[in-house]
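Number of protein chains: 4
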Amino acid sequence: MAELDELAHRLRRFAEVREWERFHTPKNLAMALAGEVGELLAELQWLTPEEASGVMEDPDSAARLRSEMADVMIYLARLADVLEIDLLEAVHAKLDENDKRYSATEYRGSARKAPPPA
Amino acid sequence: MAELDELAHRLRRFAEVREWERFHTPKNLAMALAGEVGELLAELQWLTPEEASGVMEDPDSAARLRSEMADVMIYLARLADVLEIDLLEAVHAKLDENDKRYSATEYRGSARKAPPPA
Amino acid sequence: MAELDELAHRLRRFAEVREWERFHTPKNLAMALAGEVGELLAELQWLTPEEASGVMEDPDSAARLRSEMADVMIYLARLADVLEIDLLEAVHAKLDENDKRYSATEYRGSARKAPPPA
Amino acid sequence: MAELDELAHRLRRFAEVREWERFHTPKNLAMALAGEVGELLAELQWLTPEEASGVMEDPDSAARLRSEMADVMIYLARLADVLEIDLLEAVHAKLDENDKRYSATEYRGSARKAPPPA
Chain A
1 MAELDELAHR LRRFAEVREW ERFHTPKNLA MALAGEVGEL LAELQWLTPE EASGVMEDPD
61 SAARLRSEMA DVMIYLARLA DVLEIDLLEA VHAKLDENDK RYSATEYRGS ARKAPPPA
Chain B
1 MAELDELAHR LRRFAEVREW ERFHTPKNLA MALAGEVGEL LAELQWLTPE EASGVMEDPD
61 SAARLRSEMA DVMIYLARLA DVLEIDLLEA VHAKLDENDK RYSATEYRGS ARKAPPPA
Chain C
1 MAELDELAHR LRRFAEVREW ERFHTPKNLA MALAGEVGEL LAELQWLTPE EASGVMEDPD
61 SAARLRSEMA DVMIYLARLA DVLEIDLLEA VHAKLDENDK RYSATEYRGS ARKAPPPA
Chain D
1 MAELDELAHR LRRFAEVREW ERFHTPKNLA MALAGEVGEL LAELQWLTPE EASGVMEDPD
61 SAARLRSEMA DVMIYLARLA DVLEIDLLEA VHAKLDENDK RYSATEYRGS ARKAPPPA
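Residue numbers (our numbering), protein chains in the order written: chain A, 1 to 118; chain B, 1 to 118; chain C, 1 to 118; chain D, 1 to 118.
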C-alpha cells in the first residue's frame, strides 16, 4: 500500500478505537495543524540563520524537530482524509501548475511572487 | 521510488533550477509553512461546523482547499528535506509513541491531553 | 502616557536590561507571535462551539486563555515597536477602510469576502 | 476612554451593524487571528534578516506590514472582547510574572526558556 494511504489508514484507525472521530472535524483539525506548526516555529524562532542550519547536529533539538514535524504531518494527513482529499495528487497537480507559473529562466534567483494564474 | 522521497526530490530539483536554495533556509521554510496554514484556516474560519463538513461539495471551495493543503504539504516536505528528516519514519515513530501514551480504554471519547512522557 | 505606548516602552526596557535586542529581529518576533497564536488555538481546538463560548467560566481555562492572549499581545506590540509601526494608528486607518469596503447594508449577515480595494 | 476599550467598542459596533456577531465565535476569531498572522509572516519569509530590518524603508512593504499588523490587532482585540478578557490587564499581569521568572542577571544575553512556574 502506498505510504500516504497507509498513514491515513493508521490515523483513521487510531481515531476510531478511541472514539475521537467527533473531535476530528475539519475546523478542529485545521486548528490543531496550526497549533503544531506554532510549536515547530518555537523551536527555530530565536536561532540565527546559521544556528538554524546546524540545528539537527544537536541530538535534543533534532529529536524535538522530528517530533514537531511528525505532528504537523499527522494532522495534515488526518485533515486530508476527513476532507477526502488525495494529498499526493493535490501536491503534484500544484507542482505542475508551479512549473508553468514560475519559469526557470524568469524566476532564477528571485523570490518575488508570481502573478496569480489567469 | 517511495512517494515522499519522490516528492522531496521533485521539490529539490524545482528549487535548484531556479537557484532558490538560498531562500530555503529552515526558518524561512517554517515561516512559509505557517503562512500556508494561515491560508488554509482562512478557507474554513467563518463556516459553521456543519458547513465545514460539507465544504468539499462546492467545487470552488474544494479546489481552493486542495490547493492550500498542497501548499502546506509542499513546504513541510521541503523543510524535512532541508533538515534531512525522514518524515515518514518520524511520523510512524510518533504514532508508536502515541499508541502507548493514549491507551484506547483510558482515552475513549475524551480529548484531554495525555501527561507528557516521563 | 497612552496605553500602547506605555506597553511598548515596558517591553523595550524588558529586552534592554536582558540584552535581548539582538534576538528581537522582525522575523524572529513574527515567528514568536505565530507560535503564541498556536498555543491559543490549542486551548480551543477540541471544544465544541458551545463549549468554547463558555470557556471563561472554568477558572483554569480562563487563566490559560488570559495568559496566551497576553503573550500574543506582547509579541505584537514588541514587533510593532521594532518596525516603528504605530499600531493604534494602523488599526484605525484599517477600520476606516473597512467601514467603506464592507457597507452595512450590502454585507449584513454575510461573511463573504469583500473584493480587494481597487 | 482608554485606547483598547475604545477599539473593542468600535469593533463591537462594526460587527453589530453588519449582524456579524454569530460569525464571531471564539474559535472562528482565533482562526481568523492565525490567518492574519500567516499573512504577516508571508511579508517577511523570504527576506534576509538584514532585508527584514530595513523593510519599512520601502513604502509598499511598509503599507502592507502596517495593514497586516492592524488585522492581527483587530482580531486579537475582538477575541478579547468576546471572551471578556481585559487585554491590558492580562498583559501587565503576564509581564509582572516574566519580570520575576526571567531575572535580568540570570538571563542576560540568553534566549533559553525559563523553567515553567512551580
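Honestly, the hints are just simulated from the structure, not real lab data. Check before you lean on any hint, since a few could be wrong.
Note that the list lumps identical chains together, so a pair holds whenever it fits in one copy or between two copies.
To be verified - In silico EDC-like pairs for lysine to aspartate or glutamate, Cα to Cα no more than 16 Å straight-line:
{"#": "1", "residue 1": "Lys94", "residue 2": "Glu57"}
{"#": "2", "residue 1": "Lys100", "residue 2": "Glu84"}
{"#": "3", "residue 1": "Lys113", "residue 2": "Glu97"}
{"#": "4", "residue 1": "Lys113", "residue 2": "Glu39"}
{"#": "5", "residue 1": "Lys100", "residue 2": "Asp86"}
{"#": "6", "residue 1": "Lys113", "residue 2": "Asp99"}
{"#": "7", "residue 1": "Lys100", "residue 2": "Glu3"}
{"#": "8", "residue 1": "Lys113", "residue 2": "Glu43"}
{"#": "9", "residue 1": "Lys113", "residue 2": "Asp86"}
{"#": "10", "residue 1": "Lys113", "residue 2": "Glu57"}
So, against the hints stated earlier in the document, which numbers end up violated here? Numbers 1, 2, 5, 7, 9, 10, in rising order.
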